[in-house]
Amino acid sequence: MDGSAKEKGDECRPLLNGIKDTKRKAKLPNKSLLLAVCAACIGGSFQYGYNISIINAPAKAVQNFINQTWVERYQTGISEQSLTLLWSTIVSIFTLGGFLGSSIGGALSVMMGRKGTLLANNGLAILAALLMGLSYPSGSFELIIVGRFLTGVNAGISLCVQPLYLGEIAPTALRGAMVMGTSVFITGGILTGQVIGLKELLGMEEYWPILLSTTCIPAFMQLLVLPLFPESPRYLLIDKGDDEGCKKALQQLHGSENIDNEREDMEKERLMTSRAQAKKPWELFTDRSLRWQLVTIVLINSAQQLNGINAIYFYADYVFRQSGIPEDKIPYAAVGTGACECVTALTCGLLIDCLGRKILITGGYALMALCCVFFTLTLTFQDGSEIIPYLSMACVFAFILSFGLGPGGVTNILNTELFTQTTRPAAYMIAGCVNWFSFFFIGMVFPFIVTGLQQYCFLVFLAISCMVGLYIFFVVPETKNKTFLEIHNEFQARNKRNASAADGPRTTLLSTSL
1276 MDGSAKEKGD ECRPLLNGIK DTKRKAKLPN KSLLLAVCAA CIGGSFQYGY
1326 NISIINAPAK AVQNFINQTW VERYQTGISE QSLTLLWSTI VSIFTLGGFL
1376 GSSIGGALSV MMGRKGTLLA NNGLAILAAL LMGLSYPSGS FELIIVGRFL
1426 TGVNAGISLC VQPLYLGEIA PTALRGAMVM GTSVFITGGI LTGQVIGLKE
1476 LLGMEEYWPI LLSTTCIPAF MQLLVLPLFP ESPRYLLIDK GDDEGCKKAL
1526 QQLHGSENID NEREDMEKER LMTSRAQAKK PWELFTDRSL RWQLVTIVLI
1576 NSAQQLNGIN AIYFYADYVF RQSGIPEDKI PYAAVGTGAC ECVTALTCGL
1626 LIDCLGRKIL ITGGYALMAL CCVFFTLTLT FQDGSEIIPY LSMACVFAFI
1676 LSFGLGPGGV TNILNTELFT QTTRPAAYMI AGCVNWFSFF FIGMVFPFIV
1726 TGLQQYCFLV FLAISCMVGL YIFFVVPETK NKTFLEIHNE FQARNKRNAS
1776 AADGPRTTLL STSL
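Quick note on numbering: our numbering labels position 396 of the sequence shown as 1671, and the sequence is numbered without any gaps.
Honestly, the hints are just simulated from the structure, not real lab data.
Predicted, not measured: the structure shown is a model, and the values here were computed from it.
Idealized CB from N, CA, C, for every residue including glycine.
Be careful, since some hints might not be right.
[Stated by the list, open to error] Each computed BS3-like pair below joins lysine-lysine, with the alpha-carbon atoms no more than 25 angstroms apart:
{"#": "1", "residue 1": "LYS1543", "residue 2": "LYS1755"}
{"#": "2", "residue 1": "LYS1543", "residue 2": "LYS1757"}
{"#": "3", "residue 1": "LYS1523", "residue 2": "LYS1757"}
{"#": "4", "residue 1": "LYS1755", "residue 2": "LYS1306"}
[Claimed, not checked] Restraint ranges, calculated between C-beta atoms of paired labels, are given here:
{"#": "5", "residue 1": "GLU1519", "residue 2": "TRP1557", "range": "33 to 39 angstroms"}
{"#": "6", "residue 1": "PHE1749", "residue 2": "ARG1348", "range": "58 to 64 angstroms"}
{"#": "7", "residue 1": "ILE1492", "residue 2": "ALA1334", "range": "17 to 23 angstroms"}
{"#": "8", "residue 1": "LEU1309", "residue 2": "PRO1722", "range": "38 to 44 angstroms"}
{"#": "9", "residue 1": "MET1386", "residue 2": "PHE1748", "range": "36 to 42 angstroms"}
{"#": "10", "residue 1": "CYS1741", "residue 2": "PHE1721", "range": "15 to 21 angstroms"}
{"#": "11", "residue 1": "ALA1738", "residue 2": "VAL1570", "range": "15 to 21 angstroms"}
I would like the entire structure built from these sequences, with the hints used as guidance.
Structural data, given as structure tokens:
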């Protein structure tokens, strides 16, 4: 009997070793997968971050151009109120374009594919760059407004489709790190825009048309590089039924030895959704089985904009001045904040598949809440001691570090992981609309919050951070190393428990059918 057991053990050992080798190899991403992530992000989230930051440097120059154009047209200078309104329109219309883009991005990703949508989306960025570049020679500031709107639409589509693509091309064990590419490239885009906007480069007043038109560079780079990589394997297999295309895509992205488990997971999901079509956003709201997933993405995406990160950037200039940094050196300190957020996004990418999503996002919100308390105190007693302004500066960097390490990076991953193939595009449309609306809302309301509460405005953000952190801690399951179906089933169990008293038979049918 012992000999028989030993023989069986010897027979099984190669298989077990093969499984161990596969797992060991899965720890490091395939070179082609890394390059595909970079190709998707350079014209997507990098473009978004870049367009957020480059508009700050030429603010005075663009306002002077508007005034000059107004004088040439009407032989009189523009009023201060009208100038402020036009400049506010140039800045805020980006968010309206983003809202529109996010509301159509999911539908485009189903019709054209993830990769096809990303490639077509570059046309908007190129057109926007052309319009903004021609605004000065044509003497039309309206072209800047149209160009900014188009960059917003471009950003809305890319932030909807790009994380979708990254989440679907990555193996389960590396999904967190790969989707973190979205946040890493956003922060990289912000930092690049801050650096390009310095006076030593394109920050001089006469260079502003060139600065605004540089948004076409990431678009051209993506058009050159992304066609070298395949469409999402999940999209090919589940949406299009292209078995051969899926196999080739997996081999290119994961390597020929590491595709069996991923293919098996996709086949299971295809069987589960074989009779289902991609759902529309409004259909998700009527599906009881998705109740907690929807609540979660609405909450975390609104909190991403309402948690105080915008307030920190607003107060950063004031804190830097109070700390004795000369006015002309403040842009360099701002570059420091961008570099800080970029480093934390990279750190989060390295830790996400090791520590998990839940500990990073709840820990991030907890640290942000703590920073809100200290920042309120340091702003209140700003003149109490010479060291207080430096403590305020430390709070600025600590808050940015906490945001980048948790909410800034993990939110996009949860958007991807909480849904299956037929519901994920619609979920991204909802998440994107919530995110962009919250972005627009905080931009409109924040000046009034600051005016009314001044430094105590951070108590509002303290409450938001605590609320969201507690919700995630008690409601959202850990998704690390789990397939989309395993995550879906965990939420199904919660939905079933909560709905069983009111509608037991129907819930049972839903669970069984899925």
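Now the hints, each set against the structure:
Pair hint LYS1543 plus LYS1755 holds up; C-alpha atoms about 19 angstroms apart against a cutoff of 25 angstroms. Proximity of LYS1543 to LYS1757 is assessed by CA-CA distance (about 14 angstroms); at most 25 angstroms being required, the pair is judged to hold. Between LYS1523 and LYS1757 the CA atoms are separated by roughly 24 angstroms; this keeps the pair inside 25 angstroms, and the hint holds. Distance restraint check for LYS1755 and LYS1306: the Cα-Cα separation of roughly 22 angstroms lies within the 25 angstroms cut-off, and the hinted pair is therefore satisfied.
Between GLU1519 and TRP1557 the CB atoms are about 35 angstroms apart, so this pair conforms to the stated range of 33 to 39 angstroms. Checking the proposed 58 to 64 angstroms range against PHE1749 and ARG1348 shows it holds: the Cβ atoms sit about 59 angstroms from each other. The hint said 17 to 23 angstroms for the Cβ distance between ILE1492 and ALA1334, and at roughly 21 angstroms that hint holds. Between LEU1309 and PRO1722 the Cβ separation comes to about 42 angstroms, which falls inside the hinted range of 38 to 44 angstroms.
Checking the proposed 36 to 42 angstroms range against MET1386 and PHE1748 shows it holds: the Cβ atoms sit about 38 angstroms from each other. The beta-carbon spacing between CYS1741 and PHE1721, approximately 19 angstroms, falls within the hinted interval of 15 to 21 angstroms. For ALA1738 paired with VAL1570, a C-beta distance near 18 angstroms keeps the hint of 15 to 21 angstroms intact.
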